[in-house]
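Q: Residue-level listing of the chains:
Number of protein chains: 2
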Amino acid sequence: MKIAYKIWLDSNGKAFGDGPYELLRRVHKTHSLHQAAFQMGMSYSKAWYLIRTLEERLGFVLLKRKTGGRSGGGSQLTSEAIGLMEQYGKFRKEAEGTLKTIFRKHFGKSP
Amino acid sequence: MKIAYKIWLDSNGKAFGDGPYELLRRVHKTHSLHQAAFQMGMSYSKAWYLIRTLEERLGFVLLKRKTGGRSGGGSQLTSEAIGLMEQYGKFRKEAEGTLKTIFRKHFGKSP
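Quick note, the sequences are listed as chains A and B, same order.
Once you know that position 83 of the first sequence is 83 in our numbering, the rest is easy, because the numbers rise by one and skip nothing.
Once you know that position 19 of the second sequence is 19 in our numbering, the rest is easy, because the numbers rise by one and skip nothing.
If you are wondering where the hints come from, they were derived from the structure by calculation, not from laboratory data.
This one's a predicted model, so the numbers in the text were calculated from it and none came from an experiment.
Some hints could be false.
One copy or two, it doesn't matter: identical chains are merged, so the pair holds either way.
As the list claims (entries may be wrong) - Heads up, simulated DSS-like pairs for lysine-lysine below, C-alpha to C-alpha not over 27 Å straight-line: (1) LYS100 x LYS14; (2) LYS90 x LYS6; (3) LYS2 x LYS64; (4) LYS29 x LYS100; (5) LYS66 x LYS6; (6) LYS2 x LYS46; (7) LYS66 x LYS2; (8) LYS29 x LYS90.
Work the whole structure out from these sequences, hints included.
A: Okay, structure coming up:
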């Protein structure tokens, strides 16, 4: 037996969680929402709609679009998006470790 | 913004969580799976199927059926079911409190 869980941030609906975290992390790395979505097996339109929904619920912009230029534009995280990503990453890591510890305490097995 | 989460125990699939905990708690109180299911707006057949699935995944019996008699039978929790219910209840309570504390620590708001 092991513990299983889903955690997310809520603000009038799902506002941030593991999926968005992973998507932003990949945009940050590739400077491309296209590329990030592709890597996660997600359509670009779905990724774009997700970002817009999150921005609405969070109340701030996550992505800046760079248009034109030799590279054909790209996406860059706003400083708020980087902040949220870092905050969420630390929160998620601590939550995971602590939940496993609490599970072991009560059920006496390693998850 | 607030934290949201779902926690459950897994053993080849969902083996126990908030729904089953509530169902068992009500069977324990009413001595009737019929009554417990009704209180939760669940059909008896769904409740019965749920219990059988959990028993299979957990590897032990949760309910003893008492048949016949003046009261027309009823359901009683096994000692293993009572033990699991108590264990899960404590685990769940500690997990909830701790997750809220970790959220506040990282996001600085009361959930």
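Q: Output the numbers, in ascending order, of every earlier hint that fails for this structure.
A: Checked against the structure, the hints that fail are numbers 4, 5, 7, while the rest are satisfied.
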